[in-house]
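Chain residues, written in single-letter form:
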Amino acid sequence: MKSFFSFFAVTFIFLSINANATPSQSLTPISGKPQAPEFKMMDMDDVVHKLSDYKGKPIIINFWATWCPPCRAELPSMNRAWKKVKDDGIEMLAVNVGEDEDTIFAFSGEYPIDFTVLLDENGKEIRNWPIKGLPTTFVVDPKGRIIYQAVGGREWDDDALLDMVRKLK
Amino acid sequence: MHRLNQYLLCSLCFFFSVFLSAAEIIKSVDKETQLISWKLIENNFQLELIQRSPQQTRSFFQARGFSAELANDIATHCVLQTIVRNTEAENSQDSISVSLKDWRFNTAEYAGEEPIKLKESWAEEWKEGDISNAARVAFRWATFPTEQVFEPGGDYNWGMISVGPKPDTAFHLHVFWKQGNKTKNAWITNMHCPADKSE
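Residue numbers (our numbering), protein chains in the order written: chain A, 1 to 169; chain B, 1001 to 1199.
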């Protein structure tokens, strides 16, 4: 009887822990690997960037806004991720949706962003991407195809995620 | 005795697995703001609805280019910050999908179920209006998508929904979602739209 109760207690603890466990994070593979839409956007220094400029490298493209709480939550981890991958031939772009340079500049005082920020001020470019909410992040392979997406924030400096991107090289 | 133990163990495991997977609604109050939130958890579906005061919503939209009148119109439609999360680990096949078109509410004044006000209805009302593109973009992305799929591995989204009732009104919300191909629903009862303290 004692062993029965011990076994029961272990089972219950396991189930309880499992019910409250923090989910592991991942990226969702995109079926059919569609070609990423070409874009043309300015960065904070008024330099024009096109997606095709980055052909030959895996790119992490994050769509965000300063007022979006999960965007703010994931940005520090994106900045740490950038430090990990910038010498690996991987690009990271943060596309701000609907805000002007001054707003982003003020925001970056509190949330430093060391990788390229692009401005989609009138929300035109985001309409070409399969996005329902912010933040959404895509991983594009060196051939310009969308391979993965993440809806909502992630801890981007997690090597399990970054290894998925590194494998695309 | 051994067989009895096995039987008891199986029964208890079944009972606890059912207990752990049943829908659970947790209500809490933010100590600082006094705003109420409701959290519904069922298997890998997690929904959180947080009251937004009309003042909060009014300021948000006015700061993004809406006129005082339009910002007030949105703010007095019982806006809730909404968070949907698929908490399933990466190896599961179960996606979660939500369509706000299915969601209904009722109040004490009207016992029948009414649809919530979708972002498309707002856009239709403002079709001819003098609203800046910046304001429209902010509204589009700050509000919860009408339909969205959440894959396992960490997908979630935040956004505002406008339920409809006026400030300081009690209501019940009937929420629907799909887990894989299975449609599920739950009533979140005795919800409340915060009062408009600027009135």
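Any given hint could be a false lead.
To be verified - No more than 20 Å apart at the CA atoms, straight line, and that leaves these computed lysine to any residue pairs for SDA-like:
hint	chain 1	residue 1	chain 2	residue 2
1	A	K132	B	K1031
2	A	K50	A	P34
3	A	K132	B	E1069
4	A	K132	B	G1112
Said to hold, decoys possible - Chain B is faced by these chain A residues, among others (derived, beta-carbon under 7 Å):
hint	residue
5	T66
6	A73
7	P76
8	S77
9	R127
10	G152
11	A160
As the list claims (entries may be wrong) - Far from chain A by the CB rule (all over 12 Å, computed), these chain B residues:
hint	residue
12	Q1148
13	V1149
14	S1198
Don't read these hints as lab results, they were simulated from the structure.
From a predicted model like this one, the values you see are computed outputs, not experimental measurements.
Ideal Cβ positions, reconstructed from N, Cα and C, are used throughout, including at glycine.
Verification of the supplied hints:
1. K132/A / K1031/B: 32 Å, violated
2. K50/A / P34/A: Holds - the C-alpha atoms of P34/A and K50/A are around 18 Å apart, at most 20 Å.
3. K132/A / E1069/B: 27 Å, violated
4. K132/A / G1112/B: Outside the cut-off at roughly 31 Å; violated.
5. T66: 11 Å, violated
6. A73: 10 Å, violated
7. P76: 17 Å, violated
8. S77: 12 Å, violated
9. R127: 10 Å, violated
10. G152: 4 Å, holds
11. A160: 9 Å, violated
12. Q1148: Violated, because the least Cβ-Cβ distance between Q1148/B and chain A comes to about 5 Å, which does not exceed 12 Å.
13. V1149: Incorrect as stated: the minimum Cβ-Cβ distance to chain A is 8 Å, not above 12 Å.
14. S1198: 21 Å, holds
Hint compliance for this structure: hints 1, 3, 4, 5, 6, 7, 8, 9, 11, 12, 13 are broken, all remaining hints hold.
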